[in-house]
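There are 2 protein chains.
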Amino acid sequence: METTVKTMLRDGAALTDSALERLLPGPETLPHSIHRAMRHSVFAGGKRLRPILCIEAARLAAAIHPHTKFEPEAAAELGAALEMLHTYSLIHDDLPALDDDVLRRGQPTCHVVFGEATAILAGDALQTFAFQTIGNLRCPATTTVAILKEVAAAVGTGVGRVGDIYTGLAPGMIGGQVMDIEGEGHKPTATLVEAIHRAKTGALIAVSITAGGLFGAGDSHSASASTIARLRSFGEKAGLAFQIVDDVLDMTQDSAQLGKTAGKDTATDKATWPAVYGIEQSIADAKELIADAFAELAPFGPAAEGLKAIAQYLVERTN
Amino acid sequence: METTVKTMLRDGAALTDSALERLLPGPETLPHSIHRAMRHSVFAGGKRLRPILCIEAARLAAAIHPHTKFEPEAAAELGAALEMLHTYSLIHDDLPALDDDVLRRGQPTCHVVFGEATAILAGDALQTFAFQTIGNLRCPATTTVAILKEVAAAVGTGVGRVGDIYTGLAPGMIGGQVMDIEGEGHKPTATLVEAIHRAKTGALIAVSITAGGLFGAGDSHSASASTIARLRSFGEKAGLAFQIVDDVLDMTQDSAQLGKTAGKDTATDKATWPAVYGIEQSIADAKELIADAFAELAPFGPAAEGLKAIAQYLVERTN
Chain A
1 METTVKTMLR DGAALTDSAL ERLLPGPETL PHSIHRAMRH SVFAGGKRLR
51 PILCIEAARL AAAIHPHTKF EPEAAAELGA ALEMLHTYSL IHDDLPALDD
101 DVLRRGQPTC HVVFGEATAI LAGDALQTFA FQTIGNLRCP ATTTVAILKE
151 VAAAVGTGVG RVGDIYTGLA PGMIGGQVMD IEGEGHKPTA TLVEAIHRAK
201 TGALIAVSIT AGGLFGAGDS HSASASTIAR LRSFGEKAGL AFQIVDDVLD
251 MTQDSAQLGK TAGKDTATDK ATWPAVYGIE QSIADAKELI ADAFAELAPF
301 GPAAEGLKAI AQYLVERTN
Chain B
1 METTVKTMLR DGAALTDSAL ERLLPGPETL PHSIHRAMRH SVFAGGKRLR
51 PILCIEAARL AAAIHPHTKF EPEAAAELGA ALEMLHTYSL IHDDLPALDD
101 DVLRRGQPTC HVVFGEATAI LAGDALQTFA FQTIGNLRCP ATTTVAILKE
151 VAAAVGTGVG RVGDIYTGLA PGMIGGQVMD IEGEGHKPTA TLVEAIHRAK
201 TGALIAVSIT AGGLFGAGDS HSASASTIAR LRSFGEKAGL AFQIVDDVLD
251 MTQDSAQLGK TAGKDTATDK ATWPAVYGIE QSIADAKELI ADAFAELAPF
301 GPAAEGLKAI AQYLVERTN
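Which chain is which? The protein sequence lines are A and B, in order.
Mapping of the first sequence onto my numbering: residues 1 to 319, in sequence order.
Mapping of the second sequence onto my numbering: residues 1 to 319, in sequence order.
I should point out that these hints are in silico values taken from the structure, not numbers from a laboratory.
Mixed in with the good hints, there may be bad ones.
So these bits of chain A aren't anywhere near chain B, every CB distance computed over 12 Å [stated by the list, open to error]:
| id | residue |
| --- | --- |
| 1 | V102 |
| 2 | R105 |
| 3 | F129 |
| 4 | G158 |
| 5 | S226 |
| 6 | L249 |
| 7 | A284 |
| 8 | P302 |
DEER-style ranges, computed between Cβ atoms [said to hold, decoys possible]:
| id | chain 1 | residue 1 | chain 2 | residue 2 | range |
| --- | --- | --- | --- | --- | --- |
| 9 | B | S224 | A | R138 | 57 to 65 Å |
| 10 | A | R138 | B | E288 | 30 to 38 Å |
| 11 | A | D100 | B | P108 | 22 to 30 Å |
Computed list of chain B residues with no C-beta within reach of chain A, every gap over 10 Å [stated by the list, open to error]:
| id | residue |
| --- | --- |
| 12 | L9 |
| 13 | K47 |
| 14 | E73 |
| 15 | E116 |
| 16 | I120 |
| 17 | A125 |
| 18 | E194 |
| 19 | A291 |
Ideal Cβ placement from N, Cα and C applies to all residues, glycine included.
Next comes chain A alone, as it looks inside the complex (with noise of 0.2 Å):
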């Protein structure tokens, strides 16, 4: 099972990373800086968890869809799209009026190479490529505008209208940075806590599978309304587990382990979960979600193995 669960990282890894060396100006398109700054970042050794999952998702709806054909090489391409936005937000993110942070996946960040004003722009870019990506998609154009808006939402402040499954107030990723930022220096509660986590990274990791769950089943208007609040409440927990190991490995890790700098969170007394509720609880929550998570994904049988065999592995991973 170990085995299985590490090919399929690995796979997923290779579809992802093969997509954007595909989708991104190479270092030699002019203007040079701002490619490059973007390649540093996007090929700076990330997981690519967040493609993984889209991909997997779009495996599982095509499986339960038996019209659709799963292509895997026009998943990764949302994939990548979403790791874009994913890579994005960590260059602005680190750069001194926020994070101020030097080290990111063991490299030098983007804004202590390129300088602080390509950082900017090659954030900015990301975030445009990501939505360029979108668009050309290969699915129908009512997908391509279902992922729009659930993807447009999920990495909002967090007040956007979510597709045309669900309306109501979602969480967003910027406005998980702007509470985090503006919780700094007070003592964090439970409630900011879980609310930062659920916007910061659970919005965009949630909407990687439901996004991947729209793609994969081809036809938006195909896709059963529950198949996708299914996806999206599991992708919600499985997001929220992550982060908790996260914040747990950050404390409990060194920064050669986890290839940024470690116990940052406790020295500028960032909101996290070990903060409020101390190691030993975080990892028991942490398990409780992904069995809470597994079992939104019960009556899609074995073709959602690889979903859940990926959720597993996430959260009993060391770095």
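Position chain B relative to chain A; hints supplied.
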């Protein structure tokens, strides 16, 4: 005639403001700081040039495609998305790491009022909201996807493919900003100045007109390639003329008239048209470009009067 243009500009701006007010989260929406920062810059007295051009292009396209109905409020939502993109680029351009400007449209810039971190995120969020707004446009999904591709290509680094209608290298807004930064401190050449202007401001102005045309035609497949090609060419020429006039005004007007720091281009040896050609030649070039732009619209007859009047007004403006 003068009165007609001013009425058109005022009505277009009012439609845009109303769409922006409807689409953007209110100042009391949590988290407060970012929504207030976004609104500070969006409602700082911009002329709404891009939305007005978009609405008039949509009106033109609807007029020459008799089966489509022109709905100004719906077109203004696309205009609002373009204004969000314009505002995001200004917020980031004004940051200390880029132009370090403290005054814009007669108001203190976003980072001066809300701090750098919030200004960076407010710019990010305006880009996201722009694409979310495109996702929610009231038009067929195929039209939305065509508009998405056009707009994303125009505000990117300038290497993307442009929609279904035209494939090739096209200038992009972020690419223009990068060229502008890279060119600083060097004596500007004619080739560089034109490339920067076509990319940094020209691409978004041109796409305001092509996207408006696609929207007004109601269905991207019924908008003939030649209509969109003519609108694109008009937009590229009018956009370049607009920027040349902007350069001239920067050298000949004081800060109070402009509502921003005048003479800044000269002070920092920036790439401007008058720096290469002098003021008189610049004014002549702008007029010639507008005449060429008008020629593109000739086949549309009276339907093009609105777009032409606005373009004429823009090169004769004094602020």
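Find the hints from earlier in the document that the structure breaks and name them by number, from lowest to highest. Those not satisfied are hints 3, 4, 9, 10, 15, 16 and 17.
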